[in-house]
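J.: Chain by chain, the residues run as shown.
Protein chains: 2
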Amino acid sequence: MTRELLSEMVDKGLVTQTGLISHGRGEAFDYLMGEKSLQSSLRAERAAAAHLLRAKNPVVCVNGNAAALDPKNLISLAKEVPAKIEVNIFHRTERRMELLISYMEENGAEVVLGRDPDARIPGLESDRALCTKTGIYDSDVILVPIEDGDRAKALADMGKTVISIDLNPLSRTSKAAAVSISDEMSRALENIIGSVREMKGRHDVIEETIRSFSNDNNRKKTIEEICSSLRNELNGGV
Amino acid sequence: MTRELLSEMVDKGLVTQTGLISHGRGEAFDYLMGEKSLQSSLRAERAAAAHLLRAKNPVVCVNGNAAALDPKNLISLAKEVPAKIEVNIFHRTERRMELLISYMEENGAEVVLGRDPDARIPGLESDRALCTKTGIYDSDVILVPIEDGDRAKALADMGKTVISIDLNPLSRTSKAAAVSISDEMSRALENIIGSVREMKGRHDVIEETIRSFSNDNNRKKTIEEICSSLRNELNGGV
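Chains W and X are the protein sequences, given in the same order.
Sequence positions in the first sequence follow this note's numbering and run 8 to 245.
Sequence positions in the second sequence follow this note's numbering and run 8 to 245.
For the record, the hints were derived by calculation from the structure and aren't laboratory data.
Nothing here was measured: the structure is a model prediction, and the numbers come from that model.
Incorrect hints may have been included.
Since copy identity is lost for identical chains, a pair holds within one copy or between any two.
As the list claims (entries may be wrong) - Taking lysine to any residue and the SDA-like style, the derived pairs with C-alpha atoms no more than 20 Å apart in a straight line are:
1) Lys-227 <-> Tyr-38
2) Lys-227 <-> Gly-41
3) Lys-140 <-> Met-8
4) Lys-182 <-> Asp-37
Chain W with its partners taken away, still in its complex shape (with noise of 0.2 Å):
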């Protein structure tokens, strides 16, 4: 069902077909680790929403992929937080940027920032650097769901805190990002909701979960369920 979307998606022109592989790789990993939120996940999901929490100025970034598979949870989060939303695409087309904004919109998004790119993220070249002042430029806090490893490095070589969600926790997005969740996107920003409800306001427990957690071990954890998992799959039984 999610190929056939995808797909959809592909012949709309809000995906690229290098798009659909990259969907491909992720699927892969998915699998890998049975199809659910491994217990390494939900703690960087919990980390991910104390950090929107205690952010000055959060940004919810928003590529094609992500987009086209769960506009609403994207948005909902947003809500929730409260944080901005910006569309940033790797393969940009001002066409492309335009169906992605109104597709944001049509899926209930109120202000979706990146029609009128004023700023550019340093490190990167030409049109992949295009971004606005009032929100990925001047984010502290940056979710970036499925996101190319360049644009994931040079947002956390500005110094903002970068939280990414990509099922491959060995990726060069995981790696840069200072809370790398490694889950599939509709999961992980259901799991953040929930923990963004519960945390809201709560200050302490904010501050605990970030001070607790370590993105290097939790990675490491991560690797380690993704082989028991294995394990387990060819055993029979997951």
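Take the given structure of chain W and dock chain X to it, following the hints.
T.: Just chain X now, with coordinates in the frame of chain W:
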């Protein structure tokens, strides 16, 4: 580069959009393997060569992704064994069949079966069952690179020795096969061709290679090798 090639092949009609997602899944596993043939893959490839050489009617099955990725090595292997080539696709249309068969012919294949199917693989529905009597239907050993799980299982249920090339060692295709090669297709084909050359005419070596190969053990070793590779990668080197 491979991604651009496949994207071009979608535009030409040889590969489907679903084929792109499927390629992405493979890429993820290739990445987990450090983009090289594992020891367990090399063992399976050697066993595959032995089975192909011992066969009475070996067939190399070719679908859209396989043809697009590496027609030359598919043809080289078929010539070296020798084995028949048959095009057999999941999303079958007469146009795609003709495109793929012509593409294989343009790349040097002398006889490509599949244009005029006159038999059916039992247990598969509608057009997916179509094949030729002298090719797939009457084959005793069949190499299926990047094959769908249902078809791999249906072929195994016919009593054929199914050799799969599928980067996912836990896929339904890998589970259904008698020899499950978890390796990138071009690397796998080159390794099989090498083993075919080395073993050709050496009946004792062929028999001993088949006798000493345990597919179950080998799949377990693949998982262990992947987990080692993941841990190494996490620690910074591969």
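J.: Does each hint hold? Answer for all of them.
T.: Each hint, compared with the structure:
1. Lys-227 <-> Tyr-38: Both. Shortest intra-copy (18 Å) and inter-copy (17 Å) distances satisfy the 20 Å Cα cut-off.
2. Lys-227 <-> Gly-41: So Lys-227 and Gly-41 pass the 20 Å test inside a copy (18 Å) and across (18 Å) alike.
3. Lys-140 <-> Met-8: Close neither inside one copy (37 Å) nor across copies (34 Å); limit 20 Å.
4. Lys-182 <-> Asp-37: Result: close both inside a copy and across copies, 18 Å intra and 19 Å inter.
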